[in-house]
Amino acid sequence: MSSDPYSAHVRQLFGAPAHAGRLASPLRASIEAQGVRIRLSAEVDNNEVRAMRFEAWGCPHVIAAAEEVCASFEGKPVSGLLGISAADLMQSLSVPVEKTGRILVVEDAVRLLGSVVRDASNPDD
Amino acid sequence: MTEHENIVYLDYAASTPVDAQVLEAMTALMTADGNYANPSSTHRAGRRSVEYIAHAAGQLAGLLNTAADRLIWTSGATESDNLAILGAARFRQAKGRHVISMRTEHKAVTDPISVLEKHGFDVTWLDPEPNGLLDIASLESALRDDTQLVSIMHMNNETGVIQDIEKIAAACHERDVLFHVDAAQSVGKLPIDLAALPVDLMSMTAHKVYGPKGIGALYIADRPGVHVDPLLYGGGQQRGLRPGTLPAQQIIGFGMAAEIAQSRMNDDLKHLVALRDKFWSGIRDIPGVLLNGTIEHGFPGILNVSVDDIEGESLLLALEPLCVATGSACNSKSQAPSYVLRALGKSDELAQSAIRFSFGRPTRAQDIELAVDLYRSAIARLRGMAPEHAA
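From first to last, the protein sequence lines are chains X and S. 31 is the number of the first residue of the first sequence in my numbering; add one for each residue after it. 253 is the number of the first residue of the second sequence in my numbering; add one for each residue after it.
Some hints here could point you the wrong way.
Not the full set, but computed from the structure, chain S residues with beta-carbon under 8 Å of chain X [to be verified]:
#1 Glu563
#2 Ser566
#3 Leu569
Read the hints as simulated data drawn from the structure, not as lab findings. The beta-carbon is built from N, C-alpha and C at its ideal position, and this holds for glycine as well.
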């Protein structure tokens, strides 16, 4: 017997991922692990994420998580990228615990992007 | 629009709707005006129930060209498989404790055989050819003096591949080995002549052939040495092989479904061939698309396709409102790729991207056109969203 494995929120993000794509910006981060491929790109201005896009190969929860992070970080300080929490994503998207590893890959990609942005902003550090 | 109107059902290998004539026959029996009596009762109403059941047995026997008294009613193919495998193994263990089956069998076969294995039986699991067919030579070389049972399905539930059960049966009988066939997918869909086929035990179910859920049957050939020990006890119905009050309305439904299947089998097959060909020609040019199984030896009502570099779970969701089956045992708790497709030599990724499209009597040409459009667009969308592999 089966119940719907996807929340309405996941279905909506998966069905209409407005942030799918790639920006021309050099600020990018790619990770391939746990059967997931994710690539994030961002445009940053004045320590604020102006635009963020994702490319992803993975299950619907991964794609929904990638869309969710892109949508939520636009207009926010870049410092937030380093503080992303997979646990928050899991809760927001009602991700089953078996998929924790995949959401951690999304978390890693966002943090990696955060460090790329930080390093680009402070080239002498 | 109701939820039902909002779906396109292409999962007829999983279950079929009950035919209107079947439903009518069943409901007529269940109400106060009908014949709801317990067939074990000796009064007139009970005897009439027995007559109805005998008529249904005749309908199913007619479909299979066998005698009605060779059929034991069960709750479905899973129970029939268990009764055949466990019952025959227990009855014939003096002959030997070696059993042969295939890695591509349904769980209703592999699980009871695994139970036998835990109880000291020796089991040989045969690998299929890459197209899903059994190489008869591999079966012949696996047969031993202590082999007592071979269990091979007729039509594979995931790929639709049809095994040559006549040749398998001949190989078994040459060595005095019992041959059980899980025919859950083929009864009522393919011609089966049990008077000519030397099959010993055959499992079947009603709900795959426009009958009700909850009723199946096990055919037991009238040959020396062919018998099963019961799994259930009490009541003594059905010669004690499967006791319990017979669900007359379910049995009547199965009988009627069998009669309808027999009368329209050729038309059904022509309809399915047209649908299958239309669908396959609509998707086969997509780069990376791969047929699992074989058109030549496959049932036209089932088409199982994988596609390169597509995540299966996302594909399944992107295909909504199509109701299809994934090649993986895919749910929130298990992402394991199909063991059937893995046995065919497919990679985990290809097996995980597999979708089984299965067609039925109600399937229309426009359903196929929609399915083709959705499949093509889902693949394009998911590929467009995916990054290239890391260098």
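Worksheet entry | Violated hints - listed by number, lowest first | none
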